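Asker: Sequence:
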Amino acid sequence: MMPVSEDVMVEGFLQIVSESRLSIKQFLKTLVTEIEEEYSTLISNINTLLQPHNLSFTSKYSKIIQYHLEVIVSQSVHQDFENCVFQKNGKPKLLDQEQDRQDKFSYFASLRNFSWNEMLKGYKILQRRVQ
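The working numbering runs 306 ahead of the 1-based position in the sequence shown.
To be clear, the hints were calculated from the coordinates, so they are not data collected in a lab.
Computed from a predicted structure; not experimentally measured.
C-beta atoms are modelled at their ideal positions from N, C-alpha and C, and glycine is treated no differently.
Any given hint could be a false lead.
DSS-like cross-link-like pairs, simulated, lysine-lysine; straight-line CA separation at most 25 Å [as the list claims (entries may be wrong)]: (1) K335 - K369; (2) K410 - K427; (3) K430 - K410; (4) K369 - K430.
Estimated spans, in silico, between C-beta atoms of each pair [claimed, not checked]: (5) E344 - M425: 32 to 40 Å; (6) L348 - K369: 13 to 21 Å; (7) F420 - L328: 18 to 26 Å; (8) M425 - Q403: 42 to 50 Å; (9) R435 - L361: 14 to 22 Å; (10) V314 - K427: 38 to 46 Å; (11) E343 - V310: 48 to 56 Å; (12) T347 - E312: 45 to 53 Å; (13) N423 - E325: 28 to 36 Å; (14) F414 - I349: 15 to 23 Å.
Please take these sequences and the hints and turn them into a complete structure.
Answerer: Structure representation (structure tokens):
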């Protein structure tokens, strides 16, 4: 394994996070603009997500809908990732924020050399254990 400076790893990590957020944004932009009225179940599910915000899916407010859905999906995708115990609303193991940051960075550093296929294989194994 080739040693990499902390700055390079942080930059790579930030790039990955940025790409993740852009992918969510692009996906929801496409979803909102391409959805058709005959997809009533999908529209109903989207309306359920938007109900706490007093919004409903209409083309008239597509930008607002897109922004709200971006927030909902981003929170859902990144919630467990930003939590070091990887549980919904789980409390952190460390109260010292500096130590917590160092631990999170070490998790990232240990995972950076995994290929996408290795990650999927690990996910499938974990999924079987949960079932």
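Asker: Run every hint past the structure and note whether it holds.
Answerer: Do the hints match the structure? See the list:
This hinted pair checks out: K335 and K369 have alpha carbons roughly 8 Å apart, not beyond 25 Å. Distance check on the hinted pair: K410 and K427 sit about 22 Å apart at the alpha-carbon level, within 25 Å; holds. The suggested pairing of K430 with K410 holds, with an alpha-carbon distance near 23 Å, which does not exceed 25 Å. Straight-line distance between C-alpha atoms of K369 and K430 comes to about 36 Å, which puts the hinted pair past the 25 Å bound.
A hinted range of 32 to 40 Å for the beta carbons of E344 and M425 is consistent with their spacing of about 36 Å. The hint said 13 to 21 Å for the Cβ distance between L348 and K369, and at roughly 19 Å that hint holds. Between F420 and L328 the beta carbons are some 22 Å apart, a value that agrees with the proposed interval 18 to 26 Å. The beta-carbon spacing between M425 and Q403, approximately 28 Å, falls outside the hinted interval of 42 to 50 Å.
Range check, R435 to L361: Cβ separation about 39 Å, and the 14 to 22 Å hint is violated. In this structure the supplied range 38 to 46 Å is violated for V314 paired with K427, their Cβ-Cβ distance being about 27 Å. Checking the proposed 48 to 56 Å range against E343 and V310 shows it holds: the Cβ atoms sit about 51 Å from each other. One distance hint, 45 to 53 Å for the beta-carbon pair T347 and E312, holds here, with the actual separation near 48 Å.
Between N423 and E325 the Cβ separation comes to about 19 Å, which falls outside the hinted range of 28 to 36 Å. For the pair F414 and I349, the supplied restraint of 15 to 23 Å is violated, since their beta-carbon distance comes to about 38 Å.
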